[in-house]
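Q: Sequence:
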Amino acid sequence: MNLKVGEVVTLKHYSGKKINKGVVSNVKDNFLVIKPDKDFLIFNFFDNDPIVMGFEDENIVNICESTISNIDYQQNTFSLTVNNVMTITDRRITQRFPVSLCAYILDEEEKNFAYIRNMSLEGLSLCSKIEYELGQSITVNTTIEDKNIEFEANIVWKNESKYGYEYGLEYNHSDMNVKKKIEHCIEILRLTHDFAVVMLKTQYESYRRIISNKLSKN
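Take -6 as the starting number for the sequence shown in the working numbering and just add one per residue.
No wet-lab data here; the hints were simulated from the structure.
You may find that some hints are simply not true.
Think about it this way: if two alpha-carbon atoms lie no more than 30 Å apart in a straight line, the pair counts; the simulated BS3-like pairs of lysine-lysine are [stated by the list, open to error]:
id, residue 1, residue 2
1, LYS174, LYS140
2, LYS104, LYS155
3, LYS140, LYS21
4, LYS11, LYS122
The calculated label-pair distances, taken between Cβ atoms and stated as ranges, are [as the list claims (entries may be wrong)]:
id, residue 1, residue 2, range
5, LYS11, ILE142, 14 to 24 Å
6, ASN19, GLU124, 31 to 41 Å
7, ASN147, PHE33, 21 to 31 Å
8, THR132, ASN(-5), 34 to 44 Å
9, LYS21, GLU153, 24 to 34 Å
10, ASN13, ILE81, 11 to 21 Å
11, GLN68, LEU114, 16 to 26 Å
All C-beta atoms, glycine included, are put in the ideal place defined by N, C-alpha and C.
Please construct the entire structure, taking both the sequences and the accompanying hints into account.
A: As structure tokens, this is what we get:
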């Protein structure tokens, strides 16, 4: 991953609809410190939240599945750890796509909050404070680019941490319409991130210079 201090990246967090921007203020391997372009953004962030970071390297768009930590409200910065980098080189959807999506697990009359870290045509990674059992079938509701999707999935693995539980889910594809919706939404996300990262180069050069000057004065 070839990122340097002062470079501008795209940021997508489940708390907002739009893709925002930030500048890299420190970098060490896959650990980065980011300063968002809007001061209020980090007040919607929590440790261990998923966030998607995008950047361009040698005219190739890369998007990263990342995890938030070390939120500093005084400096308006946060750290992120890059867990996986996906290069957008073609239109095929063959691997898990990094996302940061709000979701709800529908349990009888309850709606339990969760968030999604990545998804593909076969399954997804979902985090929740609620414990479920391996092999259990759950109903998940989420919204992707203003499109509401509800589907059933089976829990095939789970990990526990101080933040709760992370689950690996496989879809129950008995409803082909749901699969088509998921494929369509992933393609929209791919195109949206691709466009946002490309725009950094063509539209935000002045922003890059302003932020870099600010960083040099700190």
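Q: Would you mind marking each hint as holding or not holding in the structure?
A: Evaluation of the provided hints:
no.	hint	verdict
1	LYS174 with LYS140	holds, 9 Å
2	LYS104 with LYS155	holds, 22 Å
3	LYS140 with LYS21	violated, 37 Å
4	LYS11 with LYS122	holds, 26 Å
5	LYS11 with ILE142: 14 to 24 Å	holds, 20 Å
6	ASN19 with GLU124: 31 to 41 Å	holds, 36 Å
7	ASN147 with PHE33: 21 to 31 Å	violated, 39 Å
8	THR132 with ASN(-5): 34 to 44 Å	holds, 41 Å
9	LYS21 with GLU153: 24 to 34 Å	holds, 28 Å
10	ASN13 with ILE81: 11 to 21 Å	holds, 19 Å
11	GLN68 with LEU114: 16 to 26 Å	violated, 40 Å
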